[in-house]
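Sequences listed follow chains A and B, in order. Taking numbering that gives the first Met the number 0, I'd label the letters of the first sequence as residues 0 to 320. Taking numbering that gives the first Met the number 0, I'd label the letters of the second sequence as residues 0 to 320.
It is worth saying that the hints were derived from the structure and are not from the lab. Be careful, since some hints might not be right.
[Unchecked claim] Pairwise CB distance ranges (calculated):
(1) 248/A <-> 120/B: 56 to 66 Å
(2) 110/B <-> 189/A: 54 to 64 Å
(3) 221/A <-> 167/B: 52 to 62 Å
[To be verified] To give an idea of the interface, some chain B residues facing chain A are shown, with a C-beta separation under 7 Å as derived from the structure:
(4) 43
(5) 117
(6) 120
(7) 123
(8) 213
(9) 270
(10) 303
(11) 307
(12) 314
For every residue, glycine included, the Cβ atom is placed at its ideal position computed from N, Cα and C.
2 protein chains.
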Amino acid sequence: MPNWEDIEAARKRLRGVAHRTPVLTSRQFDEAAGATVFFKAENLQRAGAFKFRGAYNKIKAETERRPVPAVVAFSSGNHAQGVALAARLLGIRATVVMPTDAPQAKIDATRGYGAEVVLYDRATQSRDDLAEEICRERGAVLVPPFDDDLIMAGQATGAVELLEDVPDLDAIVVPVSGGGLLGGWATAARRLRPAMAIYGAEPETAADTKQSLAAGRRVEVKENPTIADGLRVTSPGKLTFPILRESLRDVLLVSDDEMIETLTFMLERMKVLVEPSGAAGAAAVRHRKADFSGKRVGVVLSGGNVDLPRLAEYIAARPSL
Amino acid sequence: MPNWEDIEAARKRLRGVAHRTPVLTSRQFDEAAGATVFFKAENLQRAGAFKFRGAYNKIKAETERRPVPAVVAFSSGNHAQGVALAARLLGIRATVVMPTDAPQAKIDATRGYGAEVVLYDRATQSRDDLAEEICRERGAVLVPPFDDDLIMAGQATGAVELLEDVPDLDAIVVPVSGGGLLGGWATAARRLRPAMAIYGAEPETAADTKQSLAAGRRVEVKENPTIADGLRVTSPGKLTFPILRESLRDVLLVSDDEMIETLTFMLERMKVLVEPSGAAGAAAVRHRKADFSGKRVGVVLSGGNVDLPRLAEYIAARPSL
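Excised from the complex, chain A in its bound form:
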């Protein structure tokens, strides 16, 4: 579990490197939600998601300990781009391991940030063996997506910024997948505002964190078809789960339709692009999955990486509230 010193060190590393993302508000969203909502717009973060904070903090911290000739990560999503950009800024070679069926747009975007992409066949190759090989051959350091104190400390810096801008929040709602974002946010929140209620938000078809909290242990779910491709991790992390268990009031579940309705609303009225995973917290508040009446609620918009043709499909399929 990261401590406060880890978070303060992360803030120093990220100063002038990560964007201090704006806090957005919308009277119309508030009317629908029955609450006063403050959106931390991490979709406007560099590389389009909060992931850059953790990746940069992790890699920079490692370089402070020893020479880091290269880094490696597995991801077909926002973590890939966060690691690629962070490594480039630090002048370190990055290799990102992706499945052969990853969307071409994600592969291109990761290469666009200067990383080498190594493809593997999910059916016949072991991702872990491949990783070990790359680490051994190149002296590369693995940058895990969530289960790491330095990663969590980096993500936590967004929470510190939000609480500086809006100190008197009653609750925060944060999308949860592996739990790196939420673990970091919960750690910062409990230090800075212990009375605040902390909620996770995840798709109802990928509710591993909800189920794990109910069971009191890490439950592994089958991969389920949700449009929220950033929230498909099948189990909370070893390091993140104890933090979530100690910190969370509840995990709120949202449907694909609720995420699409929310992200198209935010696009139309708030003029920002949020990906389905990034809209899970907002959807939970907008669709009143807990009683936030009259409360001041912080919500993380965790990412904005959507292919535009996919976005056009969401617009066409848009459900009404």
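Place chain B on chain A using the hints.
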């Protein structure tokens, strides 16, 4: 022409009422443009465009002089929504006069902000007669879209904010239609940073300001088919034109395709929704309509009000750079 005191008074009126919009940057945009660009995101302003600043400043200033029982405006665009929201916040009844062929979405949005919408037939009715009637009957004050010192002073507050955040700009590029936004920005810019080059940007098919500057007098063009529906005014204003003539280095012309290419780029990579008119300045810099190499350039994203089905069409029609 608004003076500095007008702009300072506008800042006081708008404090805590208008959003202080963020300044966005994009390494990838910079690479394409060959310049370092700072975007003043007025698409994230209340009611989705810079128009709210001028409308609120105008109405509030009028209430300081005398009782204002009602206001009236003609607009089928962002001015309508800016006036409607400003009036509502000030507890004043607003009537917006729109042509019968205005898009239903714009009519609905204006009503959504609490204004009464009065429709008129372009073919058979005189807009001016209608206005006069409403003003006479209701004691309403007309809120003009651009040709007014209080309107320009309100718009100028965005320039002051940008120059506070990024003081060392070499140039600014601002979409121009009637010239209220650009007139306000130019006034503030000449006071705060006299050496900075000031550019307008308009569609090549609606180049009334460019032509007027060349002719040395206000030229009226025929209404032309550009997708930039906010930039279809056919002539610069009486009050705005002298300011533009004194202040502008040039007016840069952009095509519809260049605006679509730019706004889809900004959506995909910067995660913000900009309407075609709002992207005219950005398109001029991105498509290198003047030599900005190595320069630090401020660009106004003036609005973000696009119907989502229309946006889906832009995505489908997206040209490459």
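Run the structure past the numbered hints and jot down the numbers of the failing ones, going up.
2, 5, 6, 7 and 8
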